[in-house]
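Protein chains in written order, with the working numbering: chain A, 229 to 482; chain B, 86 to 345.
Hints were generated in silico from the structure; no laboratory data involved.
Each residue gets a CB set at the ideal place from its N, CA and C atoms; glycine is no exception.
Each hint should be verified, as a subset may be incorrect.
Computed far set for chain A versus chain B, every beta-carbon distance over 10 Å [as the list claims (entries may be wrong)]:
#1 V246
#2 D267
#3 P268
#4 L325
#5 L339
#6 W378
#7 L381
#8 A382
#9 A387
#10 S388
#11 P399
#12 A400
#13 I418
Quick list of the computed label-pair ranges, beta carbon to beta carbon [as the list claims (entries may be wrong)]:
#14 B:D302 / A:P389: 55 to 63 Å
#15 B:G300 / A:L383: 48 to 56 Å
#16 A:P338 / B:H154: 56 to 64 Å
#17 B:R205 / A:L247: 48 to 56 Å
#18 B:E113 / A:I326: 27 to 35 Å
#19 B:R177 / A:W472: 26 to 34 Å
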Amino acid sequence: MREPERGALIWAPVTILVLLLAWQLLVMLLRPPAYLLPDPLSVFETLIARISLIAPHAWVTLVEMLLGLAVGVSGGVLTALALASSALLRRPLLPLLIASQAVPLFALAPLMMLWFGYGMTPKVLMAALIIYFPVASTCYDGLRQTERGWLDLALIMRASPLRIMLLVRLPAALPSFCSGLRLAAICAPIGAVIGEWAGASAGLGYLMIQANAQMQTALMFAALLVLIVFALLLYAATELVARWLLPWRAVSHR
Amino acid sequence: MVPVVPPAEILRISQASLCFAGDRPLFEALSLSLPGRGWTCLMGRSGCGKSSLLRMVAGLPVEVGRQGHAHIERRNGEGGELSVPIAWMPQRDMLMPWRRAVENVAVGAALRGQRWSDARERAEALLERVGLAGLGARWPDSLSGGQRQRVALARTLFEAGGVVLMDEPFSALDALTRLELQDLAAEVLAEQSVLLVTHDPLEALRLADTLYVFGADARLHAMALPPGDPPRTPGDVAVAGVQAALFERLRGTGGERTDA
């Protein structure tokens, strides 16, 4: 998940187009019933025809994803900072953080619904929880593994612990933070949709469940398509953030 | 600039001892004196503890394990509290990739919270001095190995206030660039008291005003140097002659104990 190659921008759409074409041909040849596998053209038609139905649900899911991302990322970063700067916190919290990664978070979704109801809160929390752990652990790793030579220099230059944190350890951890952010962008839609599947009255996940129950498979695919577009946009946004945070990465290596 | 008469002795090291856990001591009650200016070179085989000694002189922590110990006393020439700042030039350039070249030169000012505008001007001047005028805005990753080491040299100059410690700073460079950097370092650090740890006999013989070899007895032995002022010409017959003798001496001291 390093920097994508330049060619990816050209080849990804071509690959997708070829796959869509193959899907279309397959459906035209095998003629499966529409409730099993609709062809891509009718999915697009449904998307456009029912956009007034889909848009409000899409908006709800988008807000859940973004709020979850904000809560999860800031929580993860703060945890990493606390762990890296205080041995007093590290001793009890680090084993807890590592052990909690083994908890199957999806299984918590019904519990969230039980505690926080059908509204947006349990979905935001679900997304935030799924995001929190990878961000906290990648950021902590980044803060912990500061190049010793840089710390040596800072010590000899008589830097205070605060300045060492701000000017050496934090910038040195930025590449790890960006990896964490990419993971978070991938996890955010999963968290939101899992939250919605556990019980909701709005959102793309809710719409998919409803469409599925009514055998409106084309509508289900249309909702899925919107979700995929959101996920890709979110991922692209993290790439932009990474480029902004790591301007030196853009220079050509000799 | 007003010429300042350097003190006869700027740094006095005594009672230096180092012992890693579960091992025999690498050195005990070692003393070393640095003059007010000039190059003191330290040679020895791998594992003799010379890099650790340099870290201890710098005041940096040395990992010795639970049963080990590292101890050193650092005084100024009069035996008082050490007051001069120490500049450090490590083996790898240790440029911070998120800081532009000029920001790397002046990183010490930023780390001490000093005013950036003054620091920047000095840093630009030092970059020019090491032959990198106009490259201040470049990221380290866009510079060649030789250019990066020049930036590191400028950073060392930025910090230099009397004592400069160098841990094989030119060892990662190709032979020609290394010679160039040695000449440049000799020129720009002429007013400093430099303690250089090196593996390279030619480097030691080119740059040293005083040369010590870590002996198998864990003592420092002063070595004879070729005539002439540093930086000496690498092709010089006298340099070549002494180099052979130095090689022999280094082989004789052995990383392993050799009982004579």
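Status of each hint after checking the structure:
no.	hint	verdict
1	V246	holds (37 Å)
2	D267	holds (49 Å)
3	P268	holds (44 Å)
4	L325	holds (26 Å)
5	L339	holds (42 Å)
6	W378	violated (6 Å)
7	L381	violated (6 Å)
8	A382	violated (5 Å)
9	A387	violated (4 Å)
10	S388	violated (8 Å)
11	P399	violated (4 Å)
12	A400	violated (8 Å)
13	I418	holds (32 Å)
14	B:D302 / A:P389: 55 to 63 Å	violated (41 Å)
15	B:G300 / A:L383: 48 to 56 Å	violated (31 Å)
16	A:P338 / B:H154: 56 to 64 Å	holds (58 Å)
17	B:R205 / A:L247: 48 to 56 Å	holds (54 Å)
18	B:E113 / A:I326: 27 to 35 Å	violated (43 Å)
19	B:R177 / A:W472: 26 to 34 Å	holds (28 Å)
Hints 6, 7, 8, 9, 10, 11, 12, 14, 15 and 18, counting from the list given before, are not met by this structure.
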